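Chemist: With the sequences and hints as input, model every part of the structure.
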Amino acid sequence: MAVIKKKKDKALPAVNTSALPDIVFMLLFFFMVATVMREVDLKVSVNKPQATEIQKLERKSLVTYIYAGSPRQKYQDKFGKTPRIQLNDAFASLDDVQPFVIQERETKTEEERPMMTMSIKADKTVKMGLISDIKLELRKAQAYKINYSSNPAKDAQALYTADY
Amino acid sequence: MARNKRAIPEINAGSMADIAFLLLIFYLVTTTMDTDKGINRKLPPIDELTEEPPPIKERNIFTVLVNSNDQLLVEDEYLEISELRAKAMEFIDNNGDGSCTYCKGYGISSSSDNPVKAVISLQNDRGTSYGMYVKVQNELVAAYEDLREIYAENEYGRSYRSMDPEEDEEIIKEVKNAYQQKISEAEPLNIGG
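Those sequence lines, one after another, are chains U and G. Everything in the first sequence is counted per the numbering used here, starting at 1 for the first residue and increasing by one. Everything in the second sequence is counted per the numbering used here, starting at 1 for the first residue and increasing by one.
There could be a bad hint or two in this list.
[As the list claims (entries may be wrong)] In silico BS3-like links for lysine-lysine, alpha-carbon gap of 30 Å or less:
{"hint": "1", "chain 1": "G", "residue 1": "182", "chain 2": "U", "residue 2": "154"}
{"hint": "2", "chain 1": "U", "residue 1": "121", "chain 2": "G", "residue 2": "57"}
{"hint": "3", "chain 1": "G", "residue 1": "87", "chain 2": "U", "residue 2": "56"}
{"hint": "4", "chain 1": "G", "residue 1": "42", "chain 2": "U", "residue 2": "48"}
{"hint": "5", "chain 1": "U", "residue 1": "124", "chain 2": "G", "residue 2": "104"}
{"hint": "6", "chain 1": "U", "residue 1": "48", "chain 2": "G", "residue 2": "176"}
{"hint": "7", "chain 1": "U", "residue 1": "56", "chain 2": "U", "residue 2": "10"}
{"hint": "8", "chain 1": "G", "residue 1": "117", "chain 2": "G", "residue 2": "176"}
{"hint": "9", "chain 1": "G", "residue 1": "173", "chain 2": "U", "residue 2": "145"}
These are computed hints drawn from the structure, not numbers from a lab. No experiment lies behind these values; they were computed from the predicted model shown.
Modeler: Here it is in structure tokens:
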């Protein structure tokens, strides 16, 4: 009897897992804080136009974005309401577009470069003057593949009304 | 006997769910699901040579003008955006010289010779809104896509839009060739900018 009891005591106790949720949450918070989302912080408000004849942009790594629109509410004190260009995380002027494209091109491999697409994400109220200027800069930088970013139209007929 | 008694107790798997949820949440947060969509276009290179462009007959040009109030002037006529697609399709598919065997156009003498020669010329003002510009682009692309759809339906009995880009590569090439997109953009005007 005594011998059996001694053996029972020697059996390993179950691993205490009550602290596991704490560890898990710690990890979760760590990742939430540490992960840098590559999604840029939009400084301009972009309400994309709608269209029906849209194509998906394949290979996100080859797509470079150019944003255009009025600065958001919190930047309006500093930058006013006139539509501006945003490249990466900062407001930019037209002269910055060319260096930006060239710099982006440098990060791609030789064979990927011709497939680079510039996606213009502009607000639908932006005047074409600004967009044309951007397009001219892109042509100067020899970035010919562009994409007018737009949302799929839920109803094709709705496109025809003045209030798009 | 003694060995059996000392077996390692089962690891508590109750927290497995927590870990799984953690991973799930992590991936949910980091993956951006929204695939970007838009109208693909190609910009023309800047010509250094100031070469005269080859002359194009007036009847083969379909002019679309958009002013700073987002109004359309198509072939010197005021037009609503809802009418643009049909008008453009009529122009491309006109088949004035009768060389296009698959065209269904009316063969009007003042409209285009054939789809290969037909060019759409788009010009906007600097004051035109981007929304309107995209709408016009959309309608013009749609005109070509609709014609291709009809062509594919007649020639192959299939829908062009639902073709698989890899499987039906040859057919798509053929259909695209039948109606080549020819949209030319002029430098914007600056009247009401």
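Chemist: All hints, please: hold or fail.
Modeler: Here is what the structure says about each hint:
1. Of the pairs offered as hints, the one joining residue 182 (chain G) and residue 154 (chain U) holds, with about 27 Å between alpha carbons and a cut-off of 30 Å not exceeded.
2. Pair hint residue 121 (chain U) plus residue 57 (chain G) does not hold up; C-alpha atoms about 36 Å apart against a cutoff of 30 Å.
3. Annotation: proposed proximity of residue 87 (chain G) to residue 56 (chain U) holds, straight-line Cα distance about 27 Å (limit 30 Å).
4. For the hint pairing residue 42 (chain G) with residue 48 (chain U), the CA-to-CA distance comes to about 20 Å; that is within 30 Å, so the pair holds.
5. Proposed proximity of residue 124 (chain U) and residue 104 (chain G) is contradicted: the alpha carbons are some 36 Å apart, above 30 Å.
6. Straight-line distance between C-alpha atoms of residue 48 (chain U) and residue 176 (chain G) comes to about 28 Å, which keeps the hinted pair within the 30 Å bound.
7. Using a Cα cut-off of 30 Å, the hinted pair residue 56 (chain U) and residue 10 (chain U) is violated, with the two alpha carbons roughly 64 Å apart.
8. Restraint check for residue 117 (chain G) and residue 176 (chain G): the C-alpha separation of about 15 Å stays at or below 30 Å, so the hint holds.
9. For the proposed pair residue 173 (chain G) and residue 145 (chain U), the alpha carbon gap of about 20 Å is at most 30 Å, so the pair holds.
When each numbered hint is compared with the structure, violations occur for hints 2, 5 and 7.
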